[in-house]
Structures are given as C-alpha cells and as structure tokens.
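Given chain S, put chain Z in place with the hints provided.
Protein chains: 2
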Amino acid sequence: MKPLLNIIEKQSGAAFTLKKNDILTVIDPMGKQVSDMVLFNADDYKEKISSGKSLDFEENLLLTKGHNLWSNRSRKMMHILEDTNGRNDFLLAPCSPETFKIMYNHNGEHPSCLGNLHQHLQPYGIGIDDIPTAFNIFMNVQFNNDGKLSVLPPTSKAGDYIRLQAQMDLLVGLTACSAEDSNGGTFKPIHYYIETAPEYTNRKLL
Amino acid sequence: MKPLLNIIEKQSGAAFTLKKNDILTVIDPMGKQVSDMVLFNADDYKEKISSGKSLDFEENLLLTKGHNLWSNRSRKMMHILEDTNGRNDFLLAPCSPETFKIMYNHNGEHPSCLGNLHQHLQPYGIGIDDIPTAFNIFMNVQFNNDGKLSVLPPTSKAGDYIRLQAQMDLLVGLTACSAEDSNGGTFKPIHYYIETAPEYTNRKLL
Numbered sequence: 001m002k003p004l005l006n007i008i009e010k011q012s013g014a015a016f017t018l019k020k021n022d023i024l025t026v027i028d029p030m031g032k033q034v035s036d037m038v039l040f041n042a043d044d045y046k047e048k049i050s051s052g053k054s055l056d057f058e059e060n061l062l063l064t065k066g067h068n069l070w071s072n073r074s075r076k077m078m079h080i081l082e083d084t085n086g087r088n089d090f091l092l093a094p095c096s097p098e099t100f101k102i103m104y105n106h107n108g109e110h111p112s113c114l115g116n117l118h119q120h121l122q123p124y125g126i127g128i129d130d131i132p133t134a135f136n137i138f139m140n141v142q143f144n145n146d147g148k149l150s151v152l153p154p155t156s157k158a159g160d161y162i163r164l165q166a167q168m169d170l171l172v173g174l175t176a177c178s179a180e181d182s183n184g185g186t187f188k189p190i191h192y193y194i195e196t197a198p199e200y201t202n203r204k205l206l
Numbered sequence: 001m002k003p004l005l006n007i008i009e010k011q012s013g014a015a016f017t018l019k020k021n022d023i024l025t026v027i028d029p030m031g032k033q034v035s036d037m038v039l040f041n042a043d044d045y046k047e048k049i050s051s052g053k054s055l056d057f058e059e060n061l062l063l064t065k066g067h068n069l070w071s072n073r074s075r076k077m078m079h080i081l082e083d084t085n086g087r088n089d090f091l092l093a094p095c096s097p098e099t100f101k102i103m104y105n106h107n108g109e110h111p112s113c114l115g116n117l118h119q120h121l122q123p124y125g126i127g128i129d130d131i132p133t134a135f136n137i138f139m140n141v142q143f144n145n146d147g148k149l150s151v152l153p154p155t156s157k158a159g160d161y162i163r164l165q166a167q168m169d170l171l172v173g174l175t176a177c178s179a180e181d182s183n184g185g186t187f188k189p190i191h192y193y194i195e196t197a198p199e200y201t202n203r204k205l206l
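Heads up: the protein sequence lines correspond to chains S and Z, in order.
Going by the UniProt record's numbering, the first residue of the first sequence is number 1, and it counts up by one from there.
Going by the UniProt record's numbering, the first residue of the second sequence is number 1, and it counts up by one from there.
Please keep in mind that the hints were generated in silico from the structure rather than gathered at the bench.
Wrong hints could be hidden among the right ones.
Chain copies aren't distinguished; within one or between two, either way the pair holds.
To be verified - The calculated lysine to aspartate or glutamate pairs, modelled on EDC-like cross-linking and capped at a C-alpha distance of 16 Å, are:
hint: 1; residue 1: Lys-46; residue 2: Asp-130
hint: 2; residue 1: Lys-76; residue 2: Glu-98
hint: 3; residue 1: Lys-46; residue 2: Asp-129
hint: 4; residue 1: Lys-2; residue 2: Glu-195
hint: 5; residue 1: Lys-19; residue 2: Glu-195
One chain only, chain S, in its complex shape (with noise of 0.2 Å):
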C-alpha cells in the first residue's frame, strides 16, 4: 500500500510518533523550503535530539546520508538513508517570536518554527522550552573560516526529499519554515510520509 502523503502548510507544522525502523521521508515540495525537525524519545521525552552530541560523533557540521541523529543520551534516534539535496543545519535554534524582533528589526506577531513544534507538541506535555535545537533539513547555512555565518537561501529544488530510519520509537516535530531569511522569503509547504516498518504493518489491525 501506497503510504499517505501528509501535507504541512506554509508555516506552520505538525507532530507524530515513529515506530523504531520506521521511515520518515520529508519532502521539499516546490523548492527552497526548510523543515525544522525535533525528536524525542517515544517513551520518555527526556531524552531528545542533541546537535552538541551529533556533531560530536559524527565529526562533522554538515549531516546527510550515512549520518546519524543522536540523542542527549548518546544514542542513535534516527540514521539517514537519502539526501538528495544534501545541505541541512544543525547549528540555529528554531526561529522563534524573539528572532524576529532581534534579526530581522520585525515588531508585533509573526509565526515560528519554535511557536509551530510547540503548538503540536504540547498536546504530547512537552513545554516551549524543551524544544532543543532542531535538525534543519534543507538549511543552508554557509560558514566562513573564521566561523562567520550566513544564512541563505536552501539548494533544494522542486521534489527534492531526504529519508530517515527511526532507530528507537520516537515522537517527532515538523515544521515549514516560518523565516524569510531561510527560504529566501518564500514561504512553502512541506511534504511527509511515512513507511511502515515490515514488522509493524499488522498493527492497524491489532
């Protein structure tokens, strides 16, 4: 069966659990577009996503196929399989109300990553603050030699996907970048959906 295509409106975002073995695919449906992505272990939300923990282990800033995602806990949560794109960031914080008053001069409301993963992942009781340092799929953040950032708008193109094997049960949140600066001012959706591991497809069912 033909797995659902989940649809992630521009600007906004959503959250859902992952079965160990899973795999998650997100899309980049129309090009330049980021997807902040958090995990959290399934069954205990202490332990989550950790870039200081992943750049530790895999050495590495710039995390694509063949990596893995670790948790705070020094385990593996996800291992990405494809990247057809192959620039994401896993050094910015979700942006958040407080980023655009700050970086881009913008009073009054404004939509966010931050604001958007809370507002699906609150239902699960987890709080504005527990929301580490996202995995910034398609992301383009450049670094120079002495470390100067600069973000600017994703490679990705049109259809362009990454997937990722959940290598624990997992709850996962999702955005569709709410920043101009990461998607060069246009704001655009985000495609998901999910394989079901082989020995999970009966679990519908049970």
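Quick look at chain Z alone, frame taken from chain S:
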C-alpha cells in the same frame, strides 16, 4: 578586596551562583586545558544557555570578546569582556561516559565533564538530561570547508583567561575537562574567581 581564587582540580567540576553584573574570570593556569561551562537562570532553571540561539544571534561559530552567550528564551546570559586566548568551542556537547566508549573505545569508568557537571548541579535540582551543550572555554575544535571537525589541543598558554559578565542572576556549572583529545592528553586544573558587582559588594553583610 582581592577576589578569592577558586581551584577546580583536574577532571573535576564546580557549581556556583552569580548576581547580574558580577564578572567571572576563568583561567587556564598551566596551558592547554579546557573548561566546559553551562548556565542557568538562577530564578528558573528551565531557562539555560543555548548553543543554537547564541550561534544564531551572534552569526558566528567562534564566540570571543564582544560576543554574548544567549539562553533558550532568547535573552543574554553573559557578555564576554576579555578573552586572551580567543578560541572557544560551542559545537560539541560535554564529554560523557558514552563519549569514551564511542569515540575513544574505552570501556569502564572514566571521569567526564557531563558527570562532573551533574555531580555539582544535582544539589540545585538539575537532572543529567537538563544539562545542555556547554560553552567550551579554550576548546580548539577546527572545521574545514566540508564541515569536517577535528578536536586539537587548545592554543591557550599558562595564564590565559576569559572574563564574562553576568547579564542576569545565574547558576553556573564549570569543569576542568576530562577528555584526552580536548587537552592533548594532559589533565590539568582550571582556576576561576568572581568579581562582585559594586551594587552587591555589601550583600554578604546584609
């Protein structure tokens, strides 16, 4: 009055509080040693130092004199007043017992920054899962254009120091690093002292 010099013995840690505007000086007394530092809002430990927010707002991987360390709530926690060595890391999570298994192929007991931070922060009610990626003072993590990371011995010389001013009341965790790669295999102490902000100089008499 000259402030009291505090000594963190090799492969150990400390925790203490600062009032807003207090100045913390962290010294590498012998050279080539690393000190992992984590920060919490003294009035609400859910607010803590955030690598993702700091790198985003400072737009740089390499934070030194003139930069700020930011919290997960997008507020300044510390401002770096001086930095005689000038190389620190804010990418890698504190070394943990698993670090030595995974990165060093070392089995059995090994002191770690995460363990030492937890030991000293636990009396304040901080759990091990609540300890974020630290600001790694004097740590020399090099990166190339492909993002490849390598941990080299620090460039700090005996007597090098960093001075940081608290931007809010803080709980601080600080270590003398336990990881061979971080300090070139030499385990050494870290020294620190606190200059009390003028408006608080009489607080001990109250």
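Hints and how they fare:
In this assembly of identical chains, the alpha carbons of Lys-46 and Asp-130 lie at most 16 Å apart whether taken from the same copy (8 Å) or from different copies (8 Å). Proximity of Lys-76 to Glu-98 under the C-alpha cut-off of 16 Å is restricted to the inter-copy arrangement: shortest distance 12 Å between copies versus 31 Å within a copy. In the homo-oligomer, the alpha carbons of Lys-46 and Asp-129 lie at most 16 Å apart both inside one protomer (12 Å) and across protomers (6 Å), since each shortest distance falls under that limit. Within a single copy, Lys-2 and Glu-195 get their C-alpha atoms as close as 8 Å, which meets the 16 Å cut-off; across copies the closest is 65 Å, which misses it.
With identical chains, the CA atoms of Lys-19 and Glu-195 are at most 16 Å apart within one copy only, with a shortest distance of 10 Å there and 52 Å across copies.
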